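Start from the sequences, fold in the hints, and give me the full structure.
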Amino acid sequence: MNYTRLKLPYIFRLIIFWILFFVAFRILFVIYQHAKIPDDQHSNTSLGFYYAIPVDISVACVMAVIPFILWIFQQFYKTRIIHRINLAYNFGLIILTSLLSVTNIKMYGEWGTLLTIKILKSLFYPSQSLSFFSLWSVLLLFAFSALFAYVGIRMYRKYVTNFSYPIDDKRMRTAHIGFVTVMFIIGYRLDLNIAAIKGNQISYSELKINNSIATNNIWYFANSVVYGNNPQ
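The numbering used here puts the first residue of the sequence shown at 6, with every later residue one more than the last.
To be clear, the hints were calculated from the coordinates, so they are not data collected in a lab.
Only a predicted model underlies this, so the values are computations on that prediction, with no experimental measurement involved.
Heads up, a few of these hints could be off.
As the list claims (entries may be wrong) - Listed next, the in silico DMTMM-like pairs over lysine to aspartate or glutamate satisfying Cα-Cα at most 25 Å (straight line):
| id | residue 1 | residue 2 |
| --- | --- | --- |
| 1 | LYS163 | ASP45 |
| 2 | LYS83 | ASP174 |
| 3 | LYS175 | ASP44 |
| 4 | LYS41 | GLU115 |
| 5 | LYS83 | GLU211 |
| 6 | LYS126 | GLU115 |
| 7 | LYS41 | ASP173 |
| 8 | LYS111 | GLU211 |
| 9 | LYS213 | ASP45 |
| 10 | LYS111 | ASP44 |
Below, the structure written as structure tokens:
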């Protein structure tokens with residue numbers, strides 16, 4: 006499916022891309038951690054994808070803030086430099102998200118917890134890192150991160166990369182920007198209306214791993230950065 010043929014505004018295509026990216030890593034997480042999920046919990050585990058939607062949308066909107074600002078500028082000043090800045094930003098974010106997400110999957114298998122800034126810092130101490138990483142596991146981690154980053158960049162370039170063309174009619178352009186802005190803000194605020202969030206994690210199941218599957222790992226990590234050792 007080519008999103009540009011659907012004439013979706015660039016920001017909508019970008020947010021859809023990030024949501025699908027999160028879903029892909031969530032599927033990989035389930036596959037990698039399948040031994041931790043009891044046989045009678047599989048249907049309950051699948052609900053994690055549903056409960057994850059609002060936070061995934063909100064995180065996608067946060068990650069799209071800079072492209073959103075660049076997109077607005079592009080509607081008035083169409084220059085190649087805006088496209089290049091946007092491309093570099095999104096490529097960097099895809100690489101960073103891939104690395105954090107793959108590390109998160111590996112770490113959860115070892116320690117049974119999602120990645121936080123405190124845990125990430127502890128991995129720089131030899132006594133901790135040696136118990137978590139071997140040379141082989143480091144190579145595999147970077148290989149899988151590079152693979153997913155490569156696939157993500159290819160998908161971005163194929164379905165998302167081109168900014169929506171500027172609209173010549175000033176009133177239509179203003180209305181278009183206003184509509185996208187309102188939808189963007191609504192998407193960003195979705196996670197504030199979720200009663201299932203307790204502390205820093207989605208909580209819909211009695212099984213811890215189900216809640217971890219439903220929790221957006223980038224959102225969880227970012228909260229630990231903002232709130233320190235006790236994110237709320």
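Going down the list of hints, with the structure as the test:
The suggested pairing of LYS163 with ASP45 is violated, with an alpha-carbon distance near 40 Å, which exceeds 25 Å. Note on LYS83 and ASP174: the hinted pairing holds, with a Cα-Cα distance of about 15 Å set against a maximum of 25 Å. Proposed proximity of LYS175 and ASP44 is contradicted: the alpha carbons are some 58 Å apart, above 25 Å. Under the criterion of a C-alpha separation no larger than 25 Å, the hint pairing LYS41 with GLU115 is consistent with the structure, at around 12 Å.
For the given pair, LYS83 sits about 52 Å from GLU211 by alpha-carbon distance, which is inconsistent with the 25 Å threshold. The suggested pairing of LYS126 with GLU115 holds, with an alpha-carbon distance near 16 Å, which does not exceed 25 Å. At roughly 56 Å between alpha-carbon atoms, LYS41 and ASP173 are farther apart than 25 Å, so this suggested pair is violated. Between LYS111 and GLU211 the alpha-carbon distance is near 23 Å, which keeps this suggested pair within the 25 Å criterion.
With a C-alpha separation of about 15 Å, the suggested pair LYS213 and ASP45 falls inside the 25 Å cut-off, and the hint holds. For the hint linking LYS111 to ASP44, the alpha-carbon distance of about 22 Å falls within 25 Å, and the restraint holds.
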